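Trainee: For this one, chain A is given, so just place chain B on it according to the hints.
Chains as they are written, first to last, in UniProt numbering: chain A, 1 to 690; chain B, 1 to 690.
Hints in this document: simulated from the structure, not taken from any laboratory. No incorrect hints appear here.
The calculated lysine to any residue pairs, modelled on SDA-like cross-linking and capped at a C-alpha distance of 25 angstroms, are:
no.: 1; chain 1: A; residue 1: K289; chain 2: B; residue 2: K192
no.: 2; chain 1: A; residue 1: K201; chain 2: B; residue 2: S282
no.: 3; chain 1: A; residue 1: K283; chain 2: B; residue 2: P191
no.: 4; chain 1: A; residue 1: K192; chain 2: B; residue 2: Q278
no.: 5; chain 1: B; residue 1: K175; chain 2: A; residue 2: P215
Residues on chain A that point at chain B, a partial pick, calculated with CB under 10 angstroms:
no.: 6; residue: P163
no.: 7; residue: A167
no.: 8; residue: Q194
no.: 9; residue: L284
no.: 10; residue: L329
no.: 11; residue: F341
no.: 12; residue: A345
no.: 13; residue: I350
no.: 14; residue: I372
no.: 15; residue: A373
no.: 16; residue: L638
Nothing here was measured: the structure is a model prediction, and the numbers come from that model. Using N, Cα and C, we set each Cβ at its ideal position, and we do this for glycine too.
If you want the building blocks of each chain, they are given just below.
Number of protein chains: 2
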Amino acid sequence: MALAPSATRSNQPVMTAVEKQAKVVFQPSGRRGTFPVGTPLLDAARSLGVYVESVCGGRGICGRCQISVSEGAFAKENVTSTADNLAGATDAENRYAELRSLPADRRLSCQAKILGDLVIDVPTDAQTNRQVVRKRAEAKAIAPKSAVSLHTVTLAEPDMHVPRGDADRLREALKGAAGLTDLAMDPALLPKVQTILRQGKWTVTAAIYSDAQAPATVTALWPGEKTAVYGLAVDIGSTTIAAHLCNLQTGRTVSSQGTSNPQIRFGEDLMSRVSYVQMNPSKLPDLTKAVRDAINALVGKLVGDVGAARSDILDATFVGNPVMHHLFLGIDPVELGGAPFALAASDAMILNARDLDLELNPGARVYMLPCIAGHVGADAAAATLSEAPHKGEDITLLVDVGTNAEIVLGNRNRLLAASSPTGPAFEGAEISSGQRAAPGAIERIRIDKDTLEPRFKVIGVDEWSDEEGFDEKVDSVGVTGICGSGIIEAVAEMYLAGLITEDGVIDGSMAERTVRIQPKGRTFSYQIADQGVEISILQTDIRAIQLAKAALYAGVKLLQDKLGTTKLDRIKLAGAFGSYIDPTYAMVLGLIPDCPVDGVSGVGNAAGTGARMALLNTDHRREIEQTVREIEKIETALEPKFQEHFVNAMALPNKVDPFPNLREAIALPEPKELPQSAEGAGGRRRRRRG
Amino acid sequence: MALAPSATRSNQPVMTAVEKQAKVVFQPSGRRGTFPVGTPLLDAARSLGVYVESVCGGRGICGRCQISVSEGAFAKENVTSTADNLAGATDAENRYAELRSLPADRRLSCQAKILGDLVIDVPTDAQTNRQVVRKRAEAKAIAPKSAVSLHTVTLAEPDMHVPRGDADRLREALKGAAGLTDLAMDPALLPKVQTILRQGKWTVTAAIYSDAQAPATVTALWPGEKTAVYGLAVDIGSTTIAAHLCNLQTGRTVSSQGTSNPQIRFGEDLMSRVSYVQMNPSKLPDLTKAVRDAINALVGKLVGDVGAARSDILDATFVGNPVMHHLFLGIDPVELGGAPFALAASDAMILNARDLDLELNPGARVYMLPCIAGHVGADAAAATLSEAPHKGEDITLLVDVGTNAEIVLGNRNRLLAASSPTGPAFEGAEISSGQRAAPGAIERIRIDKDTLEPRFKVIGVDEWSDEEGFDEKVDSVGVTGICGSGIIEAVAEMYLAGLITEDGVIDGSMAERTVRIQPKGRTFSYQIADQGVEISILQTDIRAIQLAKAALYAGVKLLQDKLGTTKLDRIKLAGAFGSYIDPTYAMVLGLIPDCPVDGVSGVGNAAGTGARMALLNTDHRREIEQTVREIEKIETALEPKFQEHFVNAMALPNKVDPFPNLREAIALPEPKELPQSAEGAGGRRRRRRG
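Extracted from the complex, chain A is given alone in its bound form (with noise of 0.2 angstroms):
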């Protein structure tokens, strides 16, 4: 079929001589482009790289392009989707709805033809295969202190002359056996208790689940005996979210898995996540149900690895940023939207897993770690528990790069907390060739500094781009654009080769030098790529990064002012960015402060070892909230000096500061003055910010 797609992966839609035209956005990729109306979703979906599998043909009988419209009015896309903007059902949609079943909700993407904007989610059970997910467990030892302990116990039958309920019997043999002087029950074990005596013969295991703040209670009831039960950490994090199952009497990592987030389809990031709640307030359930679903679903796949039940499973911890803490507990998070941003519950606590239609044990609990402020959550203080910089005496620099960077200065005598809007820049948002860390993706690259041609590195194939059998193997994934740590080696790369000054802006005058170097307008721009997709990086593109690296380090530097020293032994990376980026390019950017560079490390997935420090032993509940009460939490927008830091910050890799570790490692290049320089750098950004 004859197709003319305007697809533009910015959020300008390219004007094309077909009259009607309508957009649309493709979950959890984020992909969007501008269609004429009657265009195949399934044709749309393939001409913007969106991986929708079809075995089929397109003739309406595979039933594997199966998608699904989100509805509601997306305030970033500007889009308001609604499933009648898709044609009705083709007369071979019907046929394979009637014969082999197509969910409600459901429709086959080669027979839908757009009629208006739609945002599309691309149904994750036919995404799991291609998304790279890349939390794991770290491997991180952790000493067993678990609020579950197990008890076998054997019960005297029942006596017509003592008629006391068998739960009670049971209650006081097992106060006996646990040592305790109070035991509760949970009320939904009753209906079980005597059959489950009866099965054991009157021997039976009992969790017993205790912790500080709760009452001794018994929660799982087992016939005979019972040696191994289950924990489960999730760190909920705006795009992927990570599970780890543990044993908890070993403390071992028995087994992990990760998925995406499926409330992208409400909005790519936290805010327009917000925002979606806030114009769609009847939807926040819908929110909820998502992630609820997509962790039972996880839970599913990580029993299966061990051989496991899922009632194996008696407690469990989750951390996340304060939306994703709020959504999953089913709270708006609408107030996180605006100043004062106040969260609605802060502090830690407990519940049952039942409460939050978690599918584990009935009588599982959840233990939610406290989050430090409205913008810096239960993430931050898990990343924290696991960095320990309020243990020690090295001066700690703990940054959790997403939408927002969280970030944890201090020692153990003073830890202080901010957030700073770095924007969805780092992921690959709001970049033109921008995509997510997917197949495709450019994530690493090197430009050459005499000959100024890139060679660069794509997820899915392990040869850099100049390696022999690059090109027959990257043809499975494509080049499809540019993920978060690709950004950053590219503007540093560019920056190193002396394509862009130190204050951002690309020096035209190489064009002299490479073909790469093209002019856009008033601007210039630099090809990397050009297999199917065009991949450059515009000056746009670079205006981001700066904004969102400006953003982060003024965040830290004005935590830097509150403790009265720039004195900085370590900077420790979370996160899965702060896994991939290079820590040395890191620095050339200027998105992190200098520092000695082999004091700089990525620590992984922080939040997620933090949420398995809490869920293995009670000790470190106690102590994440104890430093959650005592970090002093600082409101970057509220600070004045934010706006003098965040200027300076906007240079190469600084204006101000010298960055002496960084000079010693590395050879920066001499600052150079282009004519157009003032006002491609420093007027543009100053309308943006604020």
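Mentor: Then chain B, alone, in the frame of chain A:
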């Protein structure tokens, strides 16, 4: 239509000439009969005096005659009932269902023809106006000390510099206001806290639930000020459910309502419900749902009475016998059906109302009073709390007569409890003309010692049968049977009139003096009425009453043995039956032991009063928990002397006990010996007991 029903209220089907017959039992009245296949249900109901409304004359138009089929195997009735045993819908019924909507489980009884054995439930919405629910709140003032307290606080607006969650700040403020060191918050409130705080402009009223067993918890929240909240005290009887709405601050009972227990459709008495669950285990949730639905409906009426909202109810207490207690909690009661009668749970407990599907405030709590033993339930505990034998010097006998009589005996020094299997005779079951206390039932009776003519009073008519106006008024209700209090008086009056011997044998020689004495095989009967339905006292009826009263008396004697004294200062008869029987007749029958006649009193719904006391004052909760722990539980079935006491108690009033107080108050007839007495009394009863 010409109908030839062979209606009978005994268990023996009556043979007729028609070949194909089917057994039909109507609930909740318990009336049953055998009918030719093809009989419309409405006609069957009418022939048995079962009230089913019908306005359209059986044309399938008015829809008032709706019934539903109770499916399953009913051991006691020896009936396996299935909806297929009703003929398919007629055209008229289909038309009605289409035009006016008929619930899937409902049929129009004027259209539905009997094809096989059936248990038919006449829905309570149709029954309501006909049911005499005799439970009301006793006029007892209770000093309020509720578990629920209200606290109004004003919070500072959120501050970015102190970014603690609104819910946590609220908890801090409430801890101060209530003088608590620790305060939890019901997680169900979390999603609402921010909205309520803003609605109230930062002034809110919180309900704090605090009881010895549970940590103090914020359970409800309103914007601004709130002054009145309510509690619910419920007595779940096997036959009727009584509920009282009380103001938790003033302690006043503001409304009371009663309804029949819809579980009756699964079995008339406790043991038939237990055996129903045993034979139909998958139906347990239906019994639980039935009672909870009935309570939710009662709550609707209660709050309607006073213009309150369901969400104004913050606390509730429940009492009931062990089977009712377990079924309400969703616990399988089968262990209570046989020795050792093991309770699943007996201790007092605090639960969330929402976990019991109760439609109160989502944060409402439930306090379950403790059960005393396998057949001595939380209702007996509540009656004990109300009548307080444990607080005085007087030796008090507290009896709640039902299918099982629950017996408490003693004083402050020592308290004993037992149950005795009286069976349902006192409730009119197992009596040939017996029925529940409903309009049309004979409730009082006097027999003239000279003429041997009876006069009686019928529920629903103010006049006695020999008074002017009776004949006209009785037409509206009929004379349909005899209820519990009527049976007691009939047997006692027959004894006092010399119609039966002290062994309970109807004296056939009295047929010479009255035509009302008629031979029935080898025994005789006494006819009371014949207004449409013949109502006679048969020899088997007297045997049933003797067995019931002997069981009760033997249980009491056993407790007297244990207590080591026959001294008895007070007898308190609890429950509906206890309120309506005349204490003198009860003593003439030997249903209760001898006691000063003015020491005997009906104490009404003492269980309901105890439930209200536990609702309104937490000290009463500790009091009854302590008392139940200290009560000595006696299992009558295990006591060797029970049989001897039982045999002596078969006589009127008793073979060996002298009843001096009774003889002082009333002249008892001289003993007379009849030729057939040995065979008629002693022989049969020995075979039945065991």
